[in-house]
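The chain contents come next:
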Amino acid sequence: GAVVSQHPSWVICKSGTSVKIECRSLDFQATTMFWYRQFPKQSLMLMATSNEGSKATYEQGVEKDKFLINHASLTLSTLTVTSAHPEDSSFYICSARSGTASPGNTIYFGEGSWLTVV
Amino acid sequence: DAKTTQPPSMDCAEGRAANLPCNHSTISGNEYVYWYRQIHSQGPQYIIHGLKNNETNEMASLIITEDRKSSTLILPHATLRDTAVYYCIVRVGGGTYKYIFGTGTRLKVLA
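Chains B and W supply the protein sequences, listed in that same order. Taken in order, the first sequence gives residues 1033 to 1150; the numbers are from this note's numbering. Taken in order, the second sequence gives residues 14 to 124; the numbers are from this note's numbering.
The shape of chain B in the complex, shown without the other chains (with noise of 0.2 Å):
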């Protein structure tokens, strides 16, 4: 299949500062990727969509000026956490998908991010 990368892999930062993660699509071009949260014992949440070239589409709940995404090519988006706080920390998982959204094509998961905040 596919592959997506993400980097970094973990990262411990302060509270207050801020913090970039990289989504890659290695083989193909991402029109669209996905950006997820994971905290431990529980399913992914969506966090947002974001197409290529344009704003990301932030699902309810989400704070939009807090989880920063950029999708500027067609092979890296990236997520910016500001001002992180203790509670932000959490696994981030973005995901991938090639072509126009139609139903029968699939995406590819990034091998998540590990953020902690202190």
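Source of the hints: derived by calculation from the structure; they are not laboratory data. Idealized CB from N, CA, C, for every residue including glycine.
Which chain B residues face chain W? A few, computed with CB under 10 Å, are given here: (1) 1034; (2) 1036; (3) 1066; (4) 1068; (5) 1070; (6) 1074; (7) 1075; (8) 1077; (9) 1081; (10) 1137; (11) 1139; (12) 1143; (13) 1144.
Take the given structure of chain B and dock chain W to it, following the hints.
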């Protein structure tokens, strides 16, 4: 909201077939059923997907009922490495076809 329901957990003996059920009674005519699994602390791994016909690949088989209201993922010879949380997903349509995850089934393969 997720459009699927799955049992929270299942056990399976190593070497035996693991049959994971999923209910998706509100599925629409053009919506596919997708299966992913997540091994601890990793991103979800794609397994298989289907629309109405049964599907098989090198990892698993997917059996979809004729009314499409439920499906079963079959791992024919489960190994200890198949221990994971398995998610059955029917994508939310309307443009971007978002993947909304339910709670999944935690499969434990026993030696």
